[in-house]
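One point on numbering: in our numbering, the residue at position 44 of the sequence shown is 44, and numbering is uninterrupted.
Treat the hints as calculated values from the structure; they're not laboratory data.
Treat the hints loosely; a few may be bogus.
[Said to hold, decoys possible] Restraint-style ranges between C-beta atoms, simulated for each label pair:
no., residue 1, residue 2, range
1, G93, M55, 22 to 28 Å
2, H78, P57, 17 to 23 Å
3, M40, P71, 17 to 23 Å
4, L106, Q26, 17 to 23 Å
5, M55, L108, 35 to 41 Å
Positions of the beta carbon are idealized from the N, C-alpha and C atoms, including for glycine.
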Amino acid sequence: MHDRTENPGAASIEPTNGADDSDMLQYDPNRLLDFLIERMQLKNDAALARTLSIMPPMISKVRSRRAAVSPALLVVMHEASGITIEELREQMGDRRPTFTPIPESLLLR
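Please work from the sequences and hints to get the whole structure.
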């Protein structure tokens with residue numbers, strides 16, 4: 001389990017003095033998880049998993065990048081926290097377009 005008190009050197013949610021926003025451009029799902037723990041005033045990853053009604057190993061897999069933050073997981077995070085999906089994506093550094101166009105070959109015309 002990840003306990004924020006044990007890792008004082010964890011990635012900061014906000015840029016430090018003089019730092020620009022380029023730190024937020026890096027994809028980092030740990031920043032998203034730490035942001036949720038802080039915003040929801042939770043103690044650790046286990047508490048986050050309980051709040052999101054997901055199995056704790058899922059949080060561990062996301063932290064170690066063995067699992068991606070799926071759209072379904074983003075929806076669960078949004079529903080549990082009230083934070084917009086746009087802000088959640090921003091916190092983890094996801095800068096992909098919000099809309100993935102459907103290839104012309106798949107459209108019925």
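Taking the hints in turn, this is what the structure says about them:
no. : hint                   : result
1   : G93 / M55: 22 to 28 Å  : 25 Å, holds
2   : H78 / P57: 17 to 23 Å  : 22 Å, holds
3   : M40 / P71: 17 to 23 Å  : 20 Å, holds
4   : L106 / Q26: 17 to 23 Å : 33 Å, violated
5   : M55 / L108: 35 to 41 Å : 39 Å, holds
Hint 4 alone, counting from the list given before, is not met by this structure.
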